[in-house]
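Undergrad: Listed below, chain by chain, are the residues.
There are 2 protein chains.
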Amino acid sequence: MRIAELAERSGVSAASIKWYVSEGLLPAGERTGYNQTSYDDDHLARLRLIRSLIEVGGLSVAAAKDVLAAADDPDHPFGNTLGVAQASLPRVAAPPSAESLRRVADVARRQGWTVHDGNPGLVAAAAVLDRYLALGRDDLAAVLPAYARAVELVAEADIDTISKTLDAGPATAAQTVVVGTVLGDALLAGLRRMAQESESVRRFGTGSPS
Amino acid sequence: MRIAELAERSGVSAASIKWYVSEGLLPAGERTGYNQTSYDDDHLARLRLIRSLIEVGGLSVAAAKDVLAAADDPDHPFGNTLGVAQASLPRVAAPPSAESLRRVADVARRQGWTVHDGNPGLVAAAAVLDRYLALGRDDLAAVLPAYARAVELVAEADIDTISKTLDAGPATAAQTVVVGTVLGDALLAGLRRMAQESESVRRFGTGSPS
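Listed in order, the protein sequences are those of chains A and B.
Numbering-wise, this note's numbering comes out as the position in the first sequence, counting from 1, plus 396.
Numbering-wise, this note's numbering comes out as the position in the second sequence, counting from 1, plus 396.
Please note that the accuracy of each hint is not assured.
Repeated chains share a single entry, so a pair holds when one copy, or any two copies, can fit it.
Straight-line Cα separation of at most 20 Å, SDA-like style, residue types lysine to any residue; simulated pairs [stated by the list, open to error]:
{"id": "1", "residue 1": "Lys461", "residue 2": "Gln507"}
{"id": "2", "residue 1": "Lys560", "residue 2": "Ala537"}
{"id": "3", "residue 1": "Lys414", "residue 2": "Asp436"}
{"id": "4", "residue 1": "Lys461", "residue 2": "Glu451"}
{"id": "5", "residue 1": "Lys414", "residue 2": "Pro492"}
{"id": "6", "residue 1": "Lys560", "residue 2": "Arg498"}
{"id": "7", "residue 1": "Lys461", "residue 2": "Ala410"}
{"id": "8", "residue 1": "Lys414", "residue 2": "Ala400"}
{"id": "9", "residue 1": "Lys560", "residue 2": "Gln507"}
{"id": "10", "residue 1": "Lys560", "residue 2": "Phe600"}
{"id": "11", "residue 1": "Lys560", "residue 2": "Ala538"}
{"id": "12", "residue 1": "Lys461", "residue 2": "His512"}
{"id": "13", "residue 1": "Lys461", "residue 2": "Ala400"}
{"id": "14", "residue 1": "Lys461", "residue 2": "Arg444"}
{"id": "15", "residue 1": "Lys560", "residue 2": "Arg533"}
{"id": "16", "residue 1": "Lys560", "residue 2": "Gly601"}
{"id": "17", "residue 1": "Lys414", "residue 2": "Arg444"}
{"id": "18", "residue 1": "Lys560", "residue 2": "Leu529"}
{"id": "19", "residue 1": "Lys414", "residue 2": "Leu562"}
{"id": "20", "residue 1": "Lys461", "residue 2": "Arg505"}
If you are wondering where the hints come from, they were derived from the structure by calculation, not from laboratory data.
These numbers were taken from a predicted model, which means no experiment stands behind them.
Please put together the full structure from these sequences, using the hints given.
TA: This is the structure in structure tokens:
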């Protein structure tokens, strides 16, 4: 199909499509003549994935590019789960403190988790604790044990879903990791607001404690 | 203090400080003479909060502005919890489908939650379901019941924390909502990656199912 049809079917403007190609998120179309390029259904599927990561997952274009590159890595037929996870977390500007890393690792040990030292989530979680400390709000870290129990339920469901797609081929499994990880964060954030309202109503009789 | 000292103590460049003032995230300093402005500890605290939302919470400057405006709202002494939540979720471009809204509302009802129709989390979660459908991956919605159980644990811990700061005054309580909501999403995302690695090791013997 021509770029105009690709734009119409994907809902992405021709200018954005050209930009995604130049930024390396989308493979170039096939040149079929002077000033004419042809795109296929793979381009359409890829564009839908890019839009999902950016518009619903809230990723920047740069982060979406990193996530897709990790999922495309041919050395990892099902997508490099940890690589995708790393790329989809906000980049941590400075290494977190040893104290915060130790506190998060302690929580993991108490849950009986097997997590290697370089796990990007460990670094991201420790960076949040550092920020609580810098804001003088160490008390907020009291949520850690409850959050750890919660994400255990989440991770079990996540790995269940990945397991079920192992037979569907590498493209499907990689998509599961990308979509399930990035959009899964957005799904959790949405459900969390719903549960917060409900819990606030239960305790204070109103959706807001004010 | 002068802007140079504020920049040094906050780790934010003078140019960024001026930009945050012009964008309305940070109150202007006090003019103390020709071409000279004075800032105080409130500016420093506010800058640390802004940096946390953007660098660790992964918010855009525009989203951070919305979150701070909701928390500053004088009609809501403890911050407008739902307003803050809404501002900190990625904006949903188009209204989600009635079918996805119904599916998410069904999950909430099965959990016994009290959630009003306009809850921003409900809209955000339904938008994710729509995206799963558009990508031909309706199977990913199978995680919904497990995610709902998980966020119930999260919300209980969140409201516990807010309850404990109700006596500390409106500024502290508003900060709890802002920091706890936005950085809490980042903390959950980090812990989720750790639990995913652990669950993957438990089932596949490796951190990645490839």
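Undergrad: Quick one: which hint numbers does this structure break? Sort them smallest to largest.
TA: Hint check: 1, 5, 6, 9, 12, 13, 19 and 20 fail, others pass.
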